[in-house]
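Starting from the known structure of chain D, fit chain V onto it as the hints suggest.
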Amino acid sequence: MPLPPSIYHLSSSHLRLDGRRWNELRRLTAQISTQASADGSSYLEMGNTKVLCTVTGPSEGKGGGRRGDEDSMSVDVRVNVAGFAGMDRKRVGRGDRRITELQNTISSAFSSTLFTHLYPHSTISLQIHILSLDGSLLAASLNAATLALIDAGVPMRDYLVACTAGLTPPSGRGDGDDMDPLLDLNGSEETEVPFLTVGTGGAGGGDVGGGGGWV
Amino acid sequence: MTSLKRSVADPYTSNILSKVFVRSTKIGKVQKVVRELYLRQDIPCSSRLCAACLAIAPGDANGVVAPFILSEKPAGTKSFPEGHYLVPDTNALLNGMDLFEQTSGFYDVIILQTVLDELRNRSLPLYNRVIGLTKSDDKHVYVFFNDFRLETYVVREPGETINDRNDRAVRRAVSWYREHLQNSLNTSKNPKQCPAILMLSDDKENLRKAKAENLNACSLSTYVSGLENADRLLDMINASRQIQESRSSAADKLYPDYLSLPKMMTGIRAGTLHQGIFNVSPYNYLEGSVHVPAFDKSLLILGRENSNRAVSGDAVVVEVLPKTQWKAPSTKIIEEETLNKNENAETEDGEGEAVVTEQERRALQEEVRKTQGKSIEGRPQPTARVVGVIKRNWRQYVGHIDSSSSSAGSQGRKQQTVFLIPMDKRIPKIRLRTRQADELLGKRVLVTIDSWDQDSRYPMGHFVRSLGDLETKGAETEALLLEYDVQYRPFPKGVLDCLPHEGHDWKVPASLTDSGWKGRKDLRDLLVCSIDPVGCQDIDDALHARPLPNGNFEIGVHIADVSHFVKPNNAMDAEASIRGTTVYLVDKRIDMLPMLLGTDLCSLKPYVERYAFSVLWEITKDAEIINSSFTKSVIRSREAFSYEQAQLRIDDKSQKDDLTQGMRTLLMLSKKLRRKRMDAGALNLASPEVRVQTESETSDPVDVKTKELLDTNSLVEEFMLLANISVAGKIYESFPQTALLRRHAPPPKSNFEELANQLKTKRGHSLRTESSKALADSLDTCVDPTEPFFNTLIRIMATRCMMSAEYFCSGTQSYPEFRHYGLASEIYTHFTSPIRRYADLVAHRQLAAAIEYEQLDVSLHSKPKLEEVCKNINVRHRNAQMAGRASVEYYVGQALKGRIIEEEGSVMKVFSNGFVVFVPRFGIEGLIRLGDLATPEPEGTFDAEEYVLRVSGSVKLEVELFQKVTVRISDVKEESTGKRKIKLELIKP
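Sequences listed follow chains D and V, in order.
Using this note's numbering, the letters of the first sequence map in sequence onto residues 1 to 215.
Using this note's numbering, the letters of the second sequence map in sequence onto residues 1 to 989.
Only chain D is shown next, with the shape it has when bound in the complex:
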């Protein structure tokens, strides 16, 4: 088992559990157009968090759809966590509250970023498959979805990009003003540290979505 999170302050090393400094992201790799059959698709790795996203649509709203939303496109998000994604193999049910919350957050983030008024009476659906899970789930999903939407050519105000940020515990010397911010938390850090996911829509109408907290 690796050392506990307090190693950050050990001998003032300022090293995180995986050897990164406070402001370093994990290795980020991404591809677009990975799935020819979809209208847009992407594959994103942030360290060991691996996400596959496909976009279908915009297509005509399903059988009447929701009322009141007729003059703009609705964004439908499905998140599917693979059984082998985490450390324990377990099934995540449809009604899982955390997944539902994740879907709603992503959906509302893109509803305000995409030019939804261009496609009345229609739905765009995003399928996000989590292949491997090691922290920063919301951030990775948002980034992958942005890439897939670019691939699909859906008009948007700006690219929506997200990252998690946390705060180290105080070192115990002094009054706690030595708490350092951390970027792009991995799974084990997320269990130890309070964190927040920040998304930004760039200069064209910033949009900050939040999530996370104590785990």
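These are computed hints drawn from the structure, not numbers from a lab.
Worth double-checking, as some hints may not be accurate.
Heads up, simulated DSBU-like pairs for lysine-lysine below, C-alpha to C-alpha not over 35 Å straight-line [what the hints assert, rightly or not]:
1. V:K676 <-> V:K656
2. V:K909 <-> V:K443
3. V:K762 <-> V:K425
4. D:K90 <-> V:K263
5. V:K32 <-> D:K90
6. D:K90 <-> V:K865
7. V:K32 <-> V:K135
8. V:K588 <-> V:K507
9. V:K78 <-> V:K425
10. V:K676 <-> V:K567
11. V:K139 <-> V:K209
12. D:K90 <-> V:K567
13. V:K29 <-> D:K90
14. V:K760 <-> V:K956
15. V:K983 <-> V:K297
16. V:K567 <-> V:K871
17. V:K29 <-> V:K956
18. V:K909 <-> V:K391
19. V:K297 <-> V:K656
20. V:K863 <-> D:K90
21. V:K443 <-> V:K588
22. D:K50 <-> V:K32
23. V:K588 <-> V:K621
24. D:K50 <-> V:K29
Same frame as chain D, now just chain V:
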């Protein structure tokens, strides 16, 4: 702020590795864990000699680069005159942790990440001690993250064991350090001598390989022998390993094997085995008991074989023996010292070494024969044997060397094995290998237990340090503090940094607009005073009372506002939460908070303004509470009374000022409150409390006095209880899940069985225990007109049957369980002594949040964190009490030194070969063995039904329970141990 991004074309891509390992969870599931690893080249070597690392060393988020730790001119030895940096490997730390904590040597140590990792898996306490070392500024201990540095990372080869891989990583780091330092010194302008990098290891294979790679390496003992005070240091190396090597498999196993962990787990789940804490009887070292939920009565564990290497305090797994082997608890005093006096510590194998010595066997057999007669007390209790140990609870033990076990006057500094007799009678003798036996004789010595092998009758330990001569005040006090795990070191700098900068000049801000006044009531006009014992410096509480126009009274209890000065989660708070309580010894006080706060800034001293947390009530003449309110305030105490002074002032009819009138009101109301509490069933318990009078200059004990109780004592007590109860209600209402409360569980009925039985047969009194009220009433009836002390004696004995009160977090119990049995209150907490108890400080913070004065810190919202706090302060509280009592006991002994006094006492407990006498005048309890009455030892027959010991033979007499006796008290120095003991001799039955 900048953020660094890694692109695919990053030249370091090859530095990103995945670490894959398998671990098993608590419930036995196997998990495969994949972790990323980012190797880097900017981890500094942290030597002040190295300029290259200083240039690349990155800082924290504020750009602050940590100062380099390893010194320019490290200490050297004969073999390394140019100085050296030490690199211990894991087993060197495991064997010699005590060495690394020495102040005489072992500076400039590099702890590798690999080693730290391995150490954490092997022993968490040792890991924490190493972390503690890295935090001290003067030890120069640096943690080098070799597994994150590109050059020193080592990939585990196929077929290589993890240990070999780690050893290789250590060697790689050592060689890197050497080259790195050499290079950076060569390139620098003014070349200095390069210190050697010395690897310390106790692994022969590792040493051999290091030599082959041309690295500086040696074993811990070789290194230590080159140091100045080698003999003392050599003793501090863990003994178990060296012995194991030399003994191999030759010796027979004396103790049965332990079961494997999975086997024990299944057994516990199936109900065939039980888990509990192993406790040894203070009267009989061969009798242990384990309380398990499945049985009402504790399981008895008789004899060495059954207790199977368990030491008092260990968490053990036991198997219940068949009913035919159930026995009654012992009625005999068996002390290890007297029984196995002449054992030889050196002989390890041979005839002498059986698990149970002949004397022990005889003692036990006699036992069985005597308890054959069926009696009420002799009802058999289930017995059990230990089959495994879940967790050792070994700590450091204080004791003295058994002089008979050392071959005194042995020439030179030969290593020999001696016995250490711990102060705590429940701990077995510890076998110790030492080169300085001669010097250690007659000293208080601190040791740790390293191991207890199957082939050794006693546990094996090693020397940590000597505290000083036996019976010197310094050594005995320190021994006591160590024995009860009291933190007595001075406060570290980090803690003192949290104090207000103004120091003693701090004052309540004069301007009412100052932020300190926000939310505070100005109560400076009230006539507040404090009443405490003589010479009290940390004044926690003050009181006032004044009549209201409607005929009622306003009563205020004002408590020092410690939470204003001690903010949550800083170093001072952390230290206080570890200390948990202030410990009062006869001649010394070990503070929970630094002096500046405890005796000055927080203390509600007279004539100055102080911040306070006030509880205000409106109370009718009949002591009915109309309403209560809580507020932060500023007060000015008018006078600090001692109990005696306050009593005199109240009794003095000529005093008619408002302050005295207020005190009279308080006294009047407190009597009514007390009456009410007693009517509700509060218990009036007694414990033998004595006060040692000391000479003011030298603090040498002069005389012993029993504590007097004045009306003013109970005045203060009543209002403190009332404040605590009011606060408990308030914080529970605001935080039903996380309020910190105190409860006192009703004692299980079986606890009183024996006492009730004794009272019935001896005196014809019946003890009813169905409720605290019934108990209080029946205790009141237990009086003997001829013996005024009899009632107190019964109360003392009843107190010992009680459970102890404990702190808990309200979410962990249901409301009916909150009850405080002794005080007969539904809910209770501690609020009134925040200077000396951490629990009160937590209650203050919770109350402040409950009245919306400030926000509650997150840590006080979390149930698990609070539970942890409760667990710690419960232990600390108990230890502090025991340390205080032991200190009184020691000083009573010192006060009686060289005197012979005849006193009356009462028989408290009767054994088949002796009895215990309690002397109220000095609050001491002493054992009188039959052997002490006359030599040869007279015959004794013990009638367990009647609690009578009939002695025949050379002396003829009868001793029965509760009997009044006259004893001669003297002190003797035992020849074999050099320990001074109080001795009681029977003069007149």
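Here's how the hints hold up against the structure:
1. V:K676 <-> V:K656: holds, 29 Å
2. V:K909 <-> V:K443: The given pair, whose Cα atoms are some 33 Å apart, holds under the 35 Å limit.
3. V:K762 <-> V:K425: At roughly 31 Å apart (the allowed maximum being 35 Å), V:K425 and V:K762 satisfy the hint.
4. D:K90 <-> V:K263: holds, 28 Å
5. V:K32 <-> D:K90: holds, 14 Å
6. D:K90 <-> V:K865: Status holds; Cα separation ~29 Å.
7. V:K32 <-> V:K135: holds, 34 Å
8. V:K588 <-> V:K507: holds, 28 Å
9. V:K78 <-> V:K425: violated, 45 Å
10. V:K676 <-> V:K567: Cα-Cα ~38 Å, so violated.
11. V:K139 <-> V:K209: holds, 29 Å
12. D:K90 <-> V:K567: violated, 43 Å
13. V:K29 <-> D:K90: holds, 13 Å
14. V:K760 <-> V:K956: holds, 26 Å
15. V:K983 <-> V:K297: holds, 33 Å
16. V:K567 <-> V:K871: This hinted pair holds, its Cα atoms lying about 21 Å apart.
17. V:K29 <-> V:K956: Status violated; Cα separation ~68 Å.
18. V:K909 <-> V:K391: Given pair V:K909, V:K391 holds - Cα atoms ~34 Å apart, limit 35 Å.
19. V:K297 <-> V:K656: Violated. V:K297 to V:K656 sits at ~60 Å, over the 35 Å cutoff.
20. V:K863 <-> D:K90: Judged against 35 Å, a Cα distance of about 28 Å means the pair holds.
21. V:K443 <-> V:K588: holds, 22 Å
22. D:K50 <-> V:K32: holds, 17 Å
23. V:K588 <-> V:K621: Given pair V:K588, V:K621 is violated - Cα atoms ~42 Å apart, limit 35 Å.
24. D:K50 <-> V:K29: holds, 25 Å
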